[in-house]
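Visitor: Listed below, chain by chain, are the residues.
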Amino acid sequence: MSNKFIGQSIKRVEDKRFITGKGRYTDDIVLPGMLHAHFVRSPYAHARVVSIDMTEAKAMPGVIAIYTGDDVADINGVPCGWQVNFRNGETMREPKHPMLIPTGSTAKHAGDAVAIVIAETKAIATDAAESVMVEWDELPAVANPAEALKPGAPKVHEQFPDNTAFDWSLGNPIEEVDAAMAAAAHVTTLEFVNQRVVPNAMEPRAYIGAYDEMADKYTLYTSTQNPHLIRLLMCAFVLGIPEHKVRVVGPDVGGGFGSKIYHYTEEALVTWASKQIGQPVKWTSDRSEAFLLDAHGRDHVTKAEMGFDADGNVMGLRIKTVANMGAYLSTFAPAVPTYLHGTLLQGLYVTPKINIDMTCVFTHTVAVDAYRGAGRPEATYLLERLMDLAALEMGMDPAELRFKNFIPKFDGVNEPGYQTQVALQYDSGDYAPVLERGLEMLGYNDFRAAQQEAAKTNKLLGVGFSTYVEACGIAPSAVVGALGARAGLYESAQVRVQPTGKVSVFTGSHSHGQGHETTFVQVVADKLGIPMEDVELVHGDSDTVAFGMGTYGSRSLAVGGSAIMKSIDKVLEKGAKIAAHKLECAEGDLTYDEGKWTVKGTDKSIGFGDVALTAYVPHVYPAGLEPGLDFSSFYDPANFTYPFGCHIAVVEVDKETGKTTLKRMIAVDDVGNVINPMIVDGQIHGGLAQGIGQAMFEGTIYDENAQLTNGTYMDYCMPRADDLPLFETDRRTTPCPHNPLGVKGAGEAGAIGSTPAVVNAVIDALWSGGHQVKDILMPMTPERVWRAMNN
Amino acid sequence: MELTGSHTLDAPVSTIWTMLMDTDTLARVVPGVTRLEKTAENEYLAIAEIKLGPVSGAFTGTLSLSDIRENEGYTLHVKQNSKIGNADATVSIALKPLSDAQTEISFDGNARLSGLLARTGQRVISGVATTLTKQFFANVENELAADPTTHS
Amino acid sequence: MQVNLTVNGKVRQADLEDRTLLVDFLRDNLRLTGTHVGCDTSSCGSCTVHVDGVAVKSCTLLAAQADGCTVTTIEGLAQFNANGTIGQLHPLQEGFKECHGLQCGFCTPGMIMTAADLLSRQRNPSEHDIREALEGNICRCTGYHNIVKAIQWAADHTPAPLLADHHVWTNEPTTEPAAV
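If you're matching them up, the sequences are chains W, B and A in order. Throughout the first sequence, residue numbering follows the working numbering, covering 1 to 791 in sequence. Throughout the second sequence, residue numbering follows the working numbering, covering 1 to 152 in sequence. Throughout the third sequence, residue numbering follows the working numbering, covering 1 to 180 in sequence.
Just chain W, with the same shape it has in the complex:
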């Protein structure tokens, strides 16, 4: 097969509509007779609904309907898709998240809805919602997960007085780890907070529910990362309506970063309401609601200890973390602090003994779930902060300390995969070259000299390292099932060759910025040896795409792409039968290249288009062979994929003000084979910005009543263009040994590696100025950095 397109930075096919303003996001869609919804929400983090007075609101002209908790009592809550039981076997505690909080019940976080107001215009719905008078009985609330565990803390759910959702541990027996730590020559201890951040996709969530009485069919337009998954969850678990009577469309979606994986109450409510009223109902979140209601990320409080022998070899790792789950368990939530986090805590170091102890707690806050990286950034942050701090404490070079401890190279083909102490078997890895390349790009020796000079001035220089490994392409269904997933995590694809030889590819992956319409087409065009113009990618509609698990966990190409490859194989296999018949030879005598089958050693050949036409006009055709050339496949991967890389940050810290300037951000990533380098670089850039954002700018602030006090872009600091430098990126390539494209995934890497690199750089700068601080709370605001220098 030719590689005309794979590996090329082909400009994106989808760009034309976006740069001309013709993208079609859910809020852009207007259906005939469409009504608008606005929700009445709890202003308190914890409060009982005493009464709801809708008299004034119902009387307003243009108001069509107002529904409260009593009206939707028959609808189930939104489900959790993953079950992680307590260590002692007790079942995970899974409180129901009602659609609307009924009178007499309590709202569990600010923004919990009590009523949906549906009106002719958005303005009327908003006005009417503001006229719904709710009497509240405010109750004490807690937002901090460590506080929630203390005796006497406000209870989130009365039936779970200790506020614990589940606990979990992984690794070697604690006695063995304790012994390893006791024997260590040096132990680096770090207590830190991995703060809560808000995903902030630029397109706020938007939904339109539309019920067609004649067809008895619902359509839901939703800004989601996985339309089929939403259909499954909404039909089977929430509304109890038959799946074949529901069409879910995820049109253009303006970013997700995890926050649009989950099934939200509003999706089910607009769908349900459209049948009650007989007209389509649209709801679009405003930014303020997005801050309150989109699932948040991170939020760990951790104590971590890493033990070393006298030569700097890692001997053991002991971790105790409290993770915030929010008030309810969201779709993927239990997997994030456990199987997507604990299993990555060996990193890329030979570590003889590891023990991880997680306590996952309820608080009066919105749910925490997967946000770009989901557990892996938390794991990497923990490990990489420890590595750089240990190097400073032991007077070792942080790069040398890493080289010393790296797991040796293994390709997963000639050498087996690497079995960690924490369940996973890495597929392939070659860790030293990414750090070597990073150091080369940095100009490490020159940097240390410049740093010494800078230490004499008011502007300290610092460098921070982070070498990470992550797990992508989630993952074999049997494995995730054993770990508590309530779904399989395969992907489906259909390759439909049209009679003229043009190809429609249907994928269950969903593109919301990743550029699938380009990369997937590059793969298909190359494998079939036809022009890219002859291939179209179809995604995001449950009526046209047979099934799909969607896009998250950097899985689209590794899992979705592999499913497409399986269908292409089937197309070529059947095509060869038809070609052999037409060319009057044996299938084994044929080769396929450049879009045609050729009889080996001859110039006799038949083109892909001719074979396609023959398949649909089977006049001269192999006996017993079905007409048509259209194949569906499901691909269930053999393992996760394990990309890795090295991120290096260089910062300048103003001694007078504590202001940190990010001078350089270097990223050398190994994401396996690359289909479109331009798009992979773009993914890395975006991830870096989000990781840097967490280190320097972003973080929720809750007051003592669990009110989110920075729920707008005026108050929550997003990284902006003038906060960031141009990024310096490079790649190394270690193919994935277990999928047909050898790809690993690139969507999350940037956000996983960068955060600790930036924090380490500031700590390094401070040490160079004689301030031997161990930690600075993220986001590292000038005030926090200044206080770190001035106690």
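Everything labelled a hint here was simulated from the structure, so no lab data went into it. Since this is a predicted model, take the numbers as computed values, not measurements. One thing to keep in mind: the hints can contain errors.
What the hints assert, rightly or not - Residues from chain W that face chain B, not an exhaustive set, calculated with beta carbons under 10 Å: (1) Ala110; (2) Glu130; (3) Met133; (4) Gln707.
Unchecked claim - Derived DSS-like pairs: lysine-lysine, alpha-carbon spacing no greater than 30 Å straight-line: (5) W:Lys570 with W:Lys600; (6) W:Lys275 with W:Lys217; (7) W:Lys122 with A:Lys149; (8) A:Lys149 with W:Lys11; (9) W:Lys663 with A:Lys10; (10) W:Lys574 with W:Lys604; (11) W:Lys604 with W:Lys570; (12) W:Lys58 with B:Lys79; (13) W:Lys4 with W:Lys604; (14) B:Lys83 with B:Lys96; (15) W:Lys16 with W:Lys502; (16) B:Lys79 with W:Lys155; (17) W:Lys600 with W:Lys574; (18) W:Lys596 with W:Lys582; (19) W:Lys122 with W:Lys22; (20) W:Lys217 with W:Lys303; (21) A:Lys10 with W:Lys16; (22) A:Lys10 with W:Lys22; (23) W:Lys155 with B:Lys83; (24) W:Lys22 with A:Lys149; (25) A:Lys10 with W:Lys459; (26) W:Lys604 with W:Lys502; (27) W:Lys275 with W:Lys96; (28) B:Lys83 with W:Lys58; (29) W:Lys577 with W:Lys604; (30) B:Lys83 with W:Lys96; (31) W:Lys502 with W:Lys11; (32) W:Lys150 with W:Lys320; (33) W:Lys566 with W:Lys4; (34) W:Lys459 with W:Lys155; (35) W:Lys303 with W:Lys150; (36) W:Lys4 with W:Lys600; (37) W:Lys16 with A:Lys149; (38) A:Lys10 with W:Lys4; (39) B:Lys134 with B:Lys96; (40) W:Lys122 with W:Lys217.
Just so it is clear, CB atoms sit at the ideal spot from N, CA and C, and this is done for glycine as well.
Since chain W is already given, all that's left is putting chains B and A on it; use the hints.
Guide: For chains B and A alone, coordinates are given in the frame of chain W:
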């Protein structure tokens, strides 16, 4: 939101006390309050309209006085509900005679905010508090100036 | 109230509720949905359009305030053929595609309109100038790296007179008012 401040007024403590215990005067000097209706002893229905930067809205709620110590001070409890969120403030007001003709008035307390009010514009809300405080003292001074009988 | 304005070369008039924001008028009345709403505090810049040739966040402006003005949205930036199809993209539109300056595309119209305003004022902006100019626009996908590159590309690939007068890239107003 912290609410603290102090100010020296050119009037004897008894004059200030009388003003602060008079419903109509109170309605005039508390920033934004447009009307106070007595509902019980030391309890009032308060209608307020505040427009300051990102904070604007009509508030209805209750205002009550407790811990009343003549010529010394009282605790003011304001509970306001609005479309943009709710505020619940407890402020202790203290009067201290500096001389026969001068009184220092100070207050100390905080307001708990919820809803949109809580998550929008926290960064500027301390500025709002400062402005409201200044307005309050200016209003009291205007009252004193407008009523010559209050001057000793 | 009655509002008259010229949008992408067409005179438009409408009877609107007083409180109608310009962005809602563009999206809901004119169905020009390329202008997006990403926040409620005029912080994200997704709604940026040109009013009388200057970049403005259309969520901050009442439609009534734009009465009598000329408005250009992302839909009006390219040059069009007589049959309404796109004739030539604006250099910034080309630049964003060429340099992968967009991913999900949601902030893109606002980014392009802000950058068009910058380039009409400044022929050869430095990286620093570009980053400063984009300060009011948030992108969550790209880390801004390729947006900066895209704007530099446009500056490098555009004949100076075209950039100096951005109206070259908008079609002349028609004379017939079209009611909406």
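Visitor: Between the alpha carbons of Lys574 (chain W) and Lys604 (chain W), is the straight-line distance 30 Å or under?
Guide: With Cα atoms ~19 Å apart, Lys574 (chain W) and Lys604 (chain W) stay inside 30 Å; holds.
Visitor: Taking the least C-beta to C-beta distance, is Glu130 (chain W) closer than 10 Å to chain B?
Guide: holds (4 Å)
Visitor: Take a quick look at whether Lys122 (chain W) and Lys22 (chain W) sit within 30 Å of each other, Cα to Cα.
Guide: holds (23 Å)
Visitor: Given the hint that Lys134 (chain B) pairs with Lys96 (chain B), does the C-alpha gap stay at or below 30 Å?
Guide: Holds. Lys134 (chain B) to Lys96 (chain B) sits at ~19 Å (cutoff 30 Å).
Visitor: Need the status of pair Lys604 (chain W), Lys570 (chain W): alpha-carbon distance at most 30 Å?
Guide: Answer holds: Lys604 (chain W) to Lys570 (chain W) is near 23 Å, not above 30 Å.
Visitor: Would the pair Lys4 (chain W) and Lys604 (chain W) pass a check requiring their Cα atoms to be no farther apart than 30 Å?
Guide: holds (23 Å)
Visitor: Lys83 (chain B) and Lys96 (chain W) were given as a pair; does the straight-line alpha-carbon distance stay at or below 30 Å?
Guide: holds (29 Å)
Visitor: For a C-alpha distance cap of 30 Å, please report whether Lys79 (chain B) and Lys155 (chain W) respect it.
Guide: holds (25 Å)
Visitor: Given the hint that Lys275 (chain W) pairs with Lys96 (chain W), test it: the Cα-Cα distance must not exceed 30 Å.
Guide: Status holds; Cα separation ~24 Å.
Visitor: Do the alpha carbons of Lys663 (chain W) and Lys10 (chain A) lie within 30 Å of each other, as the hint requires?
Guide: It is violated: about 47 Å lies between the C-alpha atoms, which goes past 30 Å.
Visitor: Do the alpha carbons of Lys155 (chain W) and Lys83 (chain B) lie within 30 Å of each other, as the hint requires?
Guide: holds (28 Å)
Visitor: With the threshold set at 30 Å, check whether the alpha-carbon distance from Lys150 (chain W) to Lys320 (chain W) stays at or below it.
Guide: Roughly 16 Å between the alpha carbons, so the hint for Lys150 (chain W) and Lys320 (chain W) holds.
Of the numbered hints given earlier, the model fails hints 7, 9, 14, 20, 25, 34 and 38; all others are met.
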